[in-house]
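S.K.: Spelled out, the chains give:
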Amino acid sequence: MTVLQHVLIVLGVLFVLLNIAAGLIWVERRMLAMWQERLGPNRAGPFGILIVLADTLKLFFKEDWIPPFADKWIFITAPAIVVASVLMGFVIIPFTPTIIVADLNVGLLFFLAMSSLGVYSIVLGGWASNNKYSLLGALRGASQMIAYEVFMGLSLMGVVMMTGSFKLSDIVMAQKNMWFIVTQPLGAIIFFIAGIAETHRLPFDIPEAESELIAGYHAEYSGMKFGMFFIGEYLGITLISAMMATMFFGGYLGPAFLPPWAWFFLKTFAFILFFILLRASLPRPRYDQLMETGWKVLLPLVLLNILVTGAVLLWLKG
Amino acid sequence: MPVLFYIASVVAIISTLMVITRYQPIHALLYLVVSFLAMAMIFLSLGAPFVAILEIILYAGAIIVLLIFVVMMLNLGKDTALQERQWLQPKTWVGPSILCLVLLTELVILLFRSPEVPMQVKPVPMRAVSIALYKEYVIAVELAGFLLMAGIVGAAHISKHRKKHLHRFLQEEAKGPQRRAEKLTMIREKESTEAVLPAEKKPVKKT
Chain A
2 MTVLQHVLIV LGVLFVLLNI AAGLIWVERR MLAMWQERLG PNRAGPFGIL
52 IVLADTLKLF FKEDWIPPFA DKWIFITAPA IVVASVLMGF VIIPFTPTII
102 VADLNVGLLF FLAMSSLGVY SIVLGGWASN NKYSLLGALR GASQMIAYEV
152 FMGLSLMGVV MMTGSFKLSD IVMAQKNMWF IVTQPLGAII FFIAGIAETH
202 RLPFDIPEAE SELIAGYHAE YSGMKFGMFF IGEYLGITLI SAMMATMFFG
252 GYLGPAFLPP WAWFFLKTFA FILFFILLRA SLPRPRYDQL METGWKVLLP
302 LVLLNILVTG AVLLWLKG
Chain B
1347 MPVLFYIASV VAIISTLMVI TRYQPIHALL YLVVSFLAMA MIFLSLGAPF
1397 VAILEIILYA GAIIVLLIFV VMMLNLGKDT ALQERQWLQP KTWVGPSILC
1447 LVLLTELVIL LFRSPEVPMQ VKPVPMRAVS IALYKEYVIA VELAGFLLMA
1497 GIVGAAHISK HRKKHLHRFL QEEAKGPQRR AEKLTMIREK ESTEAVLPAE
1547 KKPVKKT
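Chains A and B, in that order, are what the protein sequence lines are. Just add 1 to wherever you are in the first sequence, counting from 1, and you've got the numbering used here. Just add 1346 to wherever you are in the second sequence, counting from 1, and you've got the numbering used here.
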């Protein structure tokens, strides 16, 4: 692969991802409206799709205010961290056999490392705002994300044991005969739950909990800085959906009547829609309930999954 | 590539110096994160990707977040920064730094005198690391496990609730059964007195 091709792939992936993240604003609002029997935004453009443009323009023209009591530099960098860390996570995802930014040997671990760095945006954003509600949101976010990172890593280890590699292209190729959702259903479910908690989406959006914390860690943010948190959240959804498709649902593999990228896109989009359906249907758990389920139910289950997978693998080896 | 190694090293040294000299604890911790990321980069350039990623996941992603978590809750504001500024006077740090500089120059001289060994990058695959951990160093791994287990048990013991503290509204509710019992006895007493009174008025009773 020449340098030019590589640069083109990077730019292309970046362009598509940012457009998907922006388009999800419209998708989410329309789908939520459909499931709640409303119309949703349908005025601007065909099917209201220009709401994306209108929303972006609105965010750009809002006053970009930095509170005088805030820690200025940390306040500015916090929204950038979330977008940067999530975009870095996309580096290792194989979109097709050829379109992948970097097929690292430690690919999966790289993804976990980047998602663990994403905590900083919430913690620093909440702390730098110098505001009680923001700080509470940051505290909740930090403990939630640290707790669920543990299960997120462990839930993927079953797949790694069956493949024998952390390389994502190997993991996809290992699913040629059977998807890992068949052999690792528990791992898949726990990974998805941990993914929701990691992207702090509803129903696990307790760091921002608008009914009690008034948007929590980004209460003081306005304009495009808030927009970065917003885009970061949608990128996070896309990342978790893409990982779900790659790890458990065969990635770009599929019958030959559609090209690989179309299979990948379809699978990822199905999970994005599932994220939105969850938001439309489930209430938010209490903070202590979330933490207790994590440590007392999910952690033992995930360890059991690893134990059983290892035992079965040894048994099959003979 | 030695260039990457040297750039990462310079970043690591500068950020570690900044950790020591910042007045605001959160800023110091952020420089510590940068320092750990630079360390990960050094490991990566020396051909140990597994250790590099673990460095990011464990140190930058978990341990420093916990430190920031604690510092956030301490609510250290401008007063702490002022206090730090007062403590970090030149007269406190000039002496030790000069002595350290002497040691550093000695170290550099020794390093330059020693025979030149070209930096060799020998990538260690993850499988080799895992096999070494679980074969040759298995006792060390298990001892580390014991230590962590002891830490977890200790933390669980310390944080155990001995006394349940309730919000004042909930206290009323928790007292509920007790109050209900008191009320019941009161009502019973009242009933018994009332039962006595009409009995005096109406001496006719069913037998």
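Derived from the structure by calculation, the hints contain no laboratory data. A few of these clues could be false.
Here are the simulated PhoX-like pairs of lysine-lysine, each with C-alpha atoms no more than 25 Å apart in a straight line [claimed, not checked]: (1) Lys73(A) - Lys63(A); (2) Lys1481(B) - Lys318(A); (3) Lys318(A) - Lys177(A); (4) Lys297(A) - Lys1506(B); (5) Lys1481(B) - Lys168(A); (6) Lys133(A) - Lys1424(B); (7) Lys297(A) - Lys318(A); (8) Lys318(A) - Lys168(A).
S.K.: For the pair supplied as a hint, Lys318(A) and Lys177(A), is the alpha-carbon distance within the 25 Å limit?
M.R.: 20 Å, holds
S.K.: Run the distance test for Lys1481(B) versus Lys318(A): straight-line Cα separation, threshold 25 Å.
M.R.: At roughly 20 Å apart (the allowed maximum being 25 Å), Lys318(A) and Lys1481(B) satisfy the hint.
S.K.: Would the pair Lys297(A) and Lys1506(B) pass a check requiring their Cα atoms to be no farther apart than 25 Å?
M.R.: 16 Å, holds
S.K.: Take the C-alpha atoms of Lys297(A) and Lys318(A), compute the straight-line distance between them, and say whether it is at most 25 Å.
M.R.: 32 Å, violated
S.K.: Quickly compare the C-alpha distance for Lys73(A) and Lys63(A) to 25 Å and report which way the hint goes.
M.R.: 19 Å, holds
S.K.: Do the alpha carbons of Lys318(A) and Lys168(A) lie within 25 Å of each other, as the hint requires?
M.R.: Satisfied, since the Cα-Cα distance of roughly 22 Å is no more than 25 Å.
S.K.: Given the hinted pair Lys133(A) and Lys1424(B), is their Cα-Cα distance within 25 Å?
M.R.: 17 Å, holds
S.K.: Just to be careful, I want the Cα atoms of Lys1481(B) and Lys168(A) compared with a cutoff of 25 Å; is the pair within it?
M.R.: 24 Å, holds
In this structure, the one hint that does not hold is number 7.
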